[in-house]
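K.L.:
Using the sequences plus the hints, can you model the full thing?
As they're listed, the protein sequences go chains H, A and C.
In terms of my numbering, the first sequence opens at residue 867 and continues consecutively.
In terms of my numbering, the second sequence opens at residue 867 and continues consecutively.
In terms of my numbering, the third sequence opens at residue 5 and continues consecutively.
If you're looking for bench data, these hints aren't it; they were derived computationally from the structure.
This list has only true hints and no planted wrong ones.
With a cut-off of at most 27 Å between alpha-carbon atoms, the simulated DSS-like pairs for lysine-lysine come out as follows:
{"hint": "1", "chain 1": "A", "residue 1": "K941", "chain 2": "H", "residue 2": "K871"}
{"hint": "2", "chain 1": "C", "residue 1": "K151", "chain 2": "A", "residue 2": "K1026"}
{"hint": "3", "chain 1": "A", "residue 1": "K941", "chain 2": "H", "residue 2": "K890"}
{"hint": "4", "chain 1": "C", "residue 1": "K112", "chain 2": "H", "residue 2": "K941"}
{"hint": "5", "chain 1": "H", "residue 1": "K1026", "chain 2": "C", "residue 2": "K119"}
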Amino acid sequence: MDLNKLKSQILSILFVASKPVSIKELTETFGMSESDIKEAVEEIVSENDTSGIILLAHNDRLQLASNPENSSQVKKFLSLELREKLTEAALETLAIILYKQPVSRAEIENIRGVNSQYSIRQLLIRGLIEKSSSAQDRRVQNYQTTHEFMQTLGITDMRKLPDFETLTQNIQLPENKPDQS
Amino acid sequence: MDLNKLKSQILSILFVASKPVSIKELTETFGMSESDIKEAVEEIVSENDTSGIILLAHNDRLQLASNPENSSQVKKFLSLELREKLTEAALETLAIILYKQPVSRAEIENIRGVNSQYSIRQLLIRGLIEKSSSAQDRRVQNYQTTHEFMQTLGITDMRKLPDFETLTQNIQLPENKPDQS
Amino acid sequence: MRIKLEQHQFEGPLDLLLQLIEDQQMDITALALSEVTEQFLNYVRSLQEKNPTNLADFLIIAAKLLVIKSKALLPNLDLGADEEEAAFDLTAQLLTYKKFREVAKFLKNLEARRKQSWSRETEFTDRVTFLPDPEVTVDVLAGTLGKLATELKEIVKLPEKVLEKVVSITEKINHIQALIGQKVETRLSELLKDASGKTDVIVTFLALLELTKQRILSLDQEEKFADIIIKKN
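P.N.:
Here is the structure:
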């Protein structure tokens, strides 16, 4: 099929859907391969910078959203309130989940050094993280970020986030300087 | 303002509004003349002709819609979506609504400990639950099971639900303790 | 500039420790860690009243610091390989934590741009079709709710469990004072005889330090590595 036509049809479906749509649901609808669908999806995502309606792709699920660049106009027009600011504890927990996902509570607590049940619960209720469904071992509960996370922080493409090494390359503990005494 | 920027902002507003918006409302938001807004709108209409999301302008009222040319794919998607089994999340949400009705979204989310927006929508679309406004506070949106669903389950009296007393008693909200991490 | 520790809300023990080390402007060595142990323990004492639920997490790190300090003072002291390894991992743990704090700062900056996006409330009233799932019966729903009720109970109980784990320092101080009142003098090994885990040992040490500081007790050791004798002043 013509790529532009496929893009148009995917957009129509996402527009009427009442929840994030999985790539798998689209392959079933179109009877097409995953790679064909993903190609069309990537083309739509690449137009995110300028379009008023953008496509958020995360964990193989798709959702339309307004462009965060237009945040202030949308807010003004609909008299929306911006989402409540995240606490330091929530930001720390979110930071770990973002770069380690899917990640277990034990691992989060090991890094933070503090019980994180409350932060995790708050993030789950706000919809910024979700339990990951693809866990190998069903007894271990893992967590991952969501579309709501992208919307709250105005992220339009997860691949445009800096990688962990780049972000933390200047972080070090006070170094061993010999002969200080 | 840059015309492309204005077009993007108008699209964002129409997308989030999900109801018809008048040209006049837009002129107020942007502090621009009617002719400027109309120029941008006309451009969107002609550009979106083949897009999955089109702009309908009628009697100076604007609304987005999915492109009717894609209606067969959209219908197929929606029927596939309906045929899905209820998810575990939807089942939990339904169980809470069945026993605690009428119950608010916040209460459901506190009991489940996760955001329940999409589960509630799934149950609404399938006609298993419906909205009911709270008697005390009209702003609080409550949910209850539909009459049809109760008939299907064969329930005439809520109190005859299995273990009604114990289950409703044991479903209690954990208190919020914001001093915890 | 030094931050007044008692007035600052720390996210956890690692947050506190980083602050202490950075205040010291010292290299991150065992010596630096043992230098800040006293300040760390002081904060833990003040935490007792403010936020007892997080006390257990602070005590775990306090234990590691005490191991490091003991090793710095008594290099021949044998505390067992596991304990020592866990303590010296503290440096790696601190570095990882510091990196994720940098990521948290990055997220905070993203948030501060106040650029958010919204999805759309889909209008679906005209699409509602009554479509029950034949497998969903009253019993299935009752079972689901039962499971939720069990999970809820555990969540409600958890903070209590955490608290049970922490022996209150005041309680311990009273206990030690009573014990010494009876006997005039006792030994550390005697006090630790009934300790029910690492946390308990730490709390006992903290209580002893506190009592020594208030000059209610004095500590004595007949020779190196011998049991510590505790006397009433």
